[in-house]
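S.K.: Single-letter residue listing:
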Amino acid sequence: MDLSVLTLSRFQFALTIMFHYLFPPLSIGLGGILVIMEAIYLKTGRLEYEAMTKFWARIFGVNFAMGVATGVTMEFQFGTNWATYSRYVGDVFGSALAAEGIFAFFLESGFLAVLIFGWDRVSPRMHFFATCMVALGAFFSSIWIVVANSWQQTPAGFHIVGQGLRARAEITDFWAMVFNPSSMQRLAHTVIGAYILAAFFVMSITAYYILKGRHLDFAKKSFSIGLIVATVASLAEPISGDLQGKKVAQTQPAKLAAMEAVFHTGPGPTPLYLFGQPDPQEQEVRHGIAIPGLLSVLAYGDLHKPVTGLDQIPRRDWPPVSATFQAFHIMVWLGGLFVFLTLVGMCFLWKGTIFEKRWLLWVFVLAVPLPYIANQFGWMTAEVGRQPWVVYGLLRTSDALSKAVVANQVLGSIIMFAVIYALLFVVWVFVLDSKIRHGPDEIVTGPTPMALGGLLGIAGLRAGTGGPSLTGTDNAEETE
Amino acid sequence: MDLNIFWFILLGVLLAGYAILDGFDLGVGIVHLAVKSDQERRILMNSIGPLWDGNEVWLVTFGGALFAAFPNAYATAFSGFYTAFMVLLFALIFRAVSMEFRSKHDSPSWRSFWDVSFSLASGVATLLFGVAVGNAMRGMPIGADMEYQGTFLDLLHPYAVLVGVFAVATFAMHGSIYLYLKTEGDLQQRIHGWMWRTFGFFLVLYILTTIYTLVDLPLATRNFHDHPWVWIVVVLNVLAVANIPRAIFLGRPGYAFLSSCATIAALTFLFGVALFPDLVHSSLNPDWSLTVYNASSSHKTLAIMATIAALGMPFVLAYTSVVYWVFRGKVQLGTLSY
Numbered sequence: 001m002d003l004s005v006l007t008l009s010r011f012q013f014a015l016t017i018m019f020h021y022l023f024p025p026l027s028i029g030l031g032g033i034l035v036i037m038e039a040i041y042l043k044t045g046r047l048e049y050e051a052m053t054k055f056w057a058r059i060f061g062v063n064f065a066m067g068v069a070t071g072v073t074m075e076f077q078f079g080t081n082w083a084t085y086s087r088y089v090g091d092v093f094g095s096a097l098a099a100e101g102i103f104a105f106f107l108e109s110g111f112l113a114v115l116i117f118g119w120d121r122v123s124p125r126m127h128f129f130a131t132c133m134v135a136l137g138a139f140f141s142s143i144w145i146v147v148a149n150s151w152q153q154t155p156a157g158f159h160i161v162g163q164g165l166r167a168r169a170e171i172t173d174f175w176a177m178v179f180n181p182s183s184m185q186r187l188a189h190t191v192i193g194a195y196i197l198a199a200f201f202v203m204s205i206t207a208y209y210i211l212k213g214r215h216l217d218f219a220k221k222s223f224s225i226g227l228i229v230a231t232v233a234s235l236a237e238p239i240s241g242d243l244q245g246k247k248v249a250q251t252q253p254a255k256l257a258a259m260e261a262v263f264h265t266g267p268g269p270t271p272l273y274l275f276g277q278p279d280p281q282e283q284e285v286r287h288g289i290a291i292p293g294l295l296s297v298l299a300y301g302d303l304h305k306p307v308t309g310l311d312q313i314p315r316r317d318w319p320p321v322s323a324t325f326q327a328f329h330i331m332v333w334l335g336g337l338f339v340f341l342t343l344v345g346m347c348f349l350w351k352g353t354i355f356e357k358r359w360l361l362w363v364f365v366l367a368v369p370l371p372y373i374a375n376q377f378g379w380m381t382a383e384v385g386r387q388p389w390v391v392y393g394l395l396r397t398s399d400a401l402s403k404a405v406v407a408n409q410v411l412g413s414i415i416m417f418a419v420i421y422a423l424l425f426v427v428w429v430f431v432l433d434s435k436i437r438h439g440p441d442e443i444v445t446g447p448t449p450m451a452l453g454g455l456l457g458i459a460g461l462r463a464g465t466g467g468p469s470l471t472g473t474d475n476a477e478e479t480e
Numbered sequence: 001m002d003l004n005i006f007w008f009i010l011l012g013v014l015l016a017g018y019a020i021l022d023g024f025d026l027g028v029g030i031v032h033l034a035v036k037s038d039q040e041r042r043i044l045m046n047s048i049g050p051l052w053d054g055n056e057v058w059l060v061t062f063g064g065a066l067f068a069a070f071p072n073a074y075a076t077a078f079s080g081f082y083t084a085f086m087v088l089l090f091a092l093i094f095r096a097v098s099m100e101f102r103s104k105h106d107s108p109s110w111r112s113f114w115d116v117s118f119s120l121a122s123g124v125a126t127l128l129f130g131v132a133v134g135n136a137m138r139g140m141p142i143g144a145d146m147e148y149q150g151t152f153l154d155l156l157h158p159y160a161v162l163v164g165v166f167a168v169a170t171f172a173m174h175g176s177i178y179l180y181l182k183t184e185g186d187l188q189q190r191i192h193g194w195m196w197r198t199f200g201f202f203l204v205l206y207i208l209t210t211i212y213t214l215v216d217l218p219l220a221t222r223n224f225h226d227h228p229w230v231w232i233v234v235v236l237n238v239l240a241v242a243n244i245p246r247a248i249f250l251g252r253p254g255y256a257f258l259s260s261c262a263t264i265a266a267l268t269f270l271f272g273v274a275l276f277p278d279l280v281h282s283s284l285n286p287d288w289s290l291t292v293y294n295a296s297s298s299h300k301t302l303a304i305m306a307t308i309a310a311l312g313m314p315f316v317l318a319y320t321s322v323v324y325w326v327f328r329g330k331v332q333l334g335t336l337s338y
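Residue numbers (this note's numbering), protein chains in the order written: chain G, 1 to 480; chain F, 1 to 338.
Do not rely on the hints blindly, as some may be mistaken.
For lysine to aspartate or glutamate, the following EDC-like pairs were computed, each having C-alpha atoms within a straight-line distance of at most 16 Å [as the list claims (entries may be wrong)]:
id	chain 1	residue 1	chain 2	residue 2
1	F	Lys300	G	Glu170
2	F	Lys330	G	Glu170
3	G	Lys435	F	Asp287
4	F	Lys330	F	Glu147
5	G	Lys403	F	Asp106
6	G	Lys246	G	Asp302
7	G	Lys221	G	Asp399
8	F	Lys300	G	Asp173
None of these hints come from the bench; they were simulated from the model. Values in this document were obtained by computation on a predicted structure and should not be read as measured data.
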């Protein structure tokens with residue numbers, strides 16, 4: 001393999017962004033779900049909803065910390081590995097990043113402290129306000145980062161200043177940059193995808209509790225909230241995807257051609273492959289089954305208009321066809337599966353028998369990796385499909401590198417990232433597992449009015465491994 | 001004042017905010033291993049528990065603002081400091097997860113692993129921040145094409161390492177004073193001794209760094225001739241430093257902490273004065289330096305960002321204050337702690 005700075009930097013970027021993106025979608029979606037749960041608690045005053053919010057807030061906290069820790073990498077990496085890109089886009093991309101820092105990050109991280117640590121320090125209303133601010137902050141981050149990424153897909157509101165290596169994009173119209181042709185469709189698709197992921201995450205853990213007969217009341221209520229959110233989001237996602245696909249057809253024909261492996265333009269309407277194996281050498285799709293004319297209808301709403309094929313695009317501007325095609329198709333199939341699963345779930349929830357359908361609960365327990373895969377493959381479609389450009393039509397990825405960096409430095413950092421991220425992943429799973437084993441705090445009812453902290457305090461004493469000082473959450477686990 | 005200078009100042013404010021706020025929590029990390037019992041280590045970690053994440057956002061925002069306002073300086077510095085910044089990144093990641101994971105599992109070896117990793121990561125991160133500042137003060141081998149032309153080892157010049165150690169001493173002192181404010185009883189009594197020791201360590205390095213700078217770095221003081229009012233900040237700096245032991249001696253740790261904050265702010269200011277109008281000095285040819293003009297974004301972007309900052313900063317200050325108010329007082333370990 002060719003271990004150039006380019007190959008290595010692309011590999012490093014793929015590794016770090018994919019690892020990072022394990023965490024933000026859960027933060028975005030779970031943030032919204034926390035707001036729903038705590039709103040129910042405030043409205044009804046029922047303690048099980050407080051325990052529910054606390055439990056999911058703890059998971060949110062761990063996930064958020066992972067997102068921050070791996071997210072700082074991304075901000076560094078633009079400068080360290082892609083210095084030419086940074087010089088080129090800084091003027092445009094910079095205002096979005098600055099807005100993200102000032103509006104989103106401070107909001108999230110400030111109020112996250114209140115959300116996680118502030119339960120007994122502020123009033124319930126103030127706490128709810130903090131939860132809303134954290135959810136809003138997570139949403140704001142997604143806005144600015146998707147806007148910046150969308151500008152790379154469909155640049156707008158700028159002009160080019162300078163020539164050759166000194167050329168760079170300068171902003172001419174801030175709002176045209178923010179509302180560039182693809183940003184709103186892509187934002188919707190990303191955020192809905194995050195909600196699907198978070199809702200399946202909630203359902204997976206709670207379905208497991210139900211199957212094991214633990215925390216039943218908590219689990220059933222959380223599961224129902226998760227299922228409703230998942231159904232709405234899963235139904236909305238194909239609509240958003242369709243809007244986005246039409247936009248891609250209009251603005252990035254090479255990407256659409258790669259997504260569907262359209263090697264030849266017409267004659268006649270373009271079919272849609274359900275699956276297949278594109279072969280860019282022979283310019284054909286092997287082992288595929290296609291629905292005639294459907295891609296023309298989806299892309300243009302016109303059965304007779306052929307979709308622009310790769311034959312209209314210079315070979316050096318082709319994206320990697322197979323990777324884009326497969327990533328896209330896996331995402332779409334998974335999206336369809338989410339619609340099916342959630343509708344089946346809703347049927348039984350409607351009938352009130354869902355918690356007796358053990359097979360279905362097992363399906364939901366095991367389904368949790370699928371939305372992660374769908375989110376990853378969706379981004380892969382977007383980013384691989386944009387190649388060979390880092391800024392579509394303007395700056396090639398191969399021109400965007402740092403000039404002061406040599407291959408060994410990048411190789412060294414990849415090895416360190418691989419080791420550290422592997423370690424982080426193991427630890428993250430371990431901590432998540434212990435939180436899930438612990439479950440929500442037990443709700444104290446009955447004649448002895450004992451505060452929650454008091455119970456946990458006694459639990460800590462009883463567990464007694466590290467003395468009364470260790471009244472941490474860990475010891476409370478042993479009350480199970 | 002034009003927008004380029006405005007953004008230079010604003011970056012200075014963000015950097016000072018970061019150094020003051022994350023400074024004390026990095027400092028707590030540096031001195032973390034000085035206590036041995038699990039209980040006391042948890043108290044130390046929880047003294048910064050709800051705050052460190054928000055503090056680190058100042059760095060993220062500083063990075064974002066540097067990228068946005070001076071993309072050329074961001075690109076040159078980050079690609080030039082490649083290996084150093086990668087190590088810094090690993091230190092920051094480890095620090096974050098050490099705090100998050102340390103108390104999640106009740107096993108002595110698990111906890112001491114994360115304790116050591118937390119403390120080491122805090123120390124390494126601080127050292128590298130100092131090394132970066134030292135290199136920025138000295139200038140770097142920057143070519144006519146704005147690209148860094150040195151190697152990783154060039155960054156480890158004795159002056160840069162001295163500034164790195166100075167940063168460790170400063171944050172250790174700053175963190176110790178902070179801990180004195182947040183603890184009580186026997187632990188607080190022991191921390192009283194740390195304040196003196198870290199202050200002594202700080203003072204020695206403060207003097208050494210000052211002498212080295214005055215003797216060896218004429219660039220650092222070139223702005224003093226045209227702007228004699230900068231001497232006021234020098235005097236304030238010395239007064240703030242002198243007030244730290246005075247306040248500790250008089251038993252007024254709050255004032256000691258404020259003096260320590262003022263010291264860090266003044267040092268950041270003097271760092272800015274040493275650089276201005278450059279962001280990155282070129283040691284090869286002064287004409288190749290990246291200045292607030294040749295490294296900046298367009299006037300329009302600087303203006304848009306000034307609007308964003310004007311809209312956003314009051315909110316940032318408001319909720320930073322709210323969070324510090326909510327978590328005021330001594331550390332209490334509870335069910336929600338790390």
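S.K.: Give a verdict on every hint.
M.R.: Outcome of the hint check:
no.: 1; hint: F:Lys300 - G:Glu170; result: 9 Å, holds
no.: 2; hint: F:Lys330 - G:Glu170; result: 50 Å, violated
no.: 3; hint: G:Lys435 - F:Asp287; result: 58 Å, violated
no.: 4; hint: F:Lys330 - F:Glu147; result: 49 Å, violated
no.: 5; hint: G:Lys403 - F:Asp106; result: 47 Å, violated
no.: 6; hint: G:Lys246 - G:Asp302; result: 12 Å, holds
no.: 7; hint: G:Lys221 - G:Asp399; result: 53 Å, violated
no.: 8; hint: F:Lys300 - G:Asp173; result: 9 Å, holds
Checked against the numbered hints above, the structure breaks hints 2, 3, 4, 5 and 7 and satisfies the rest.
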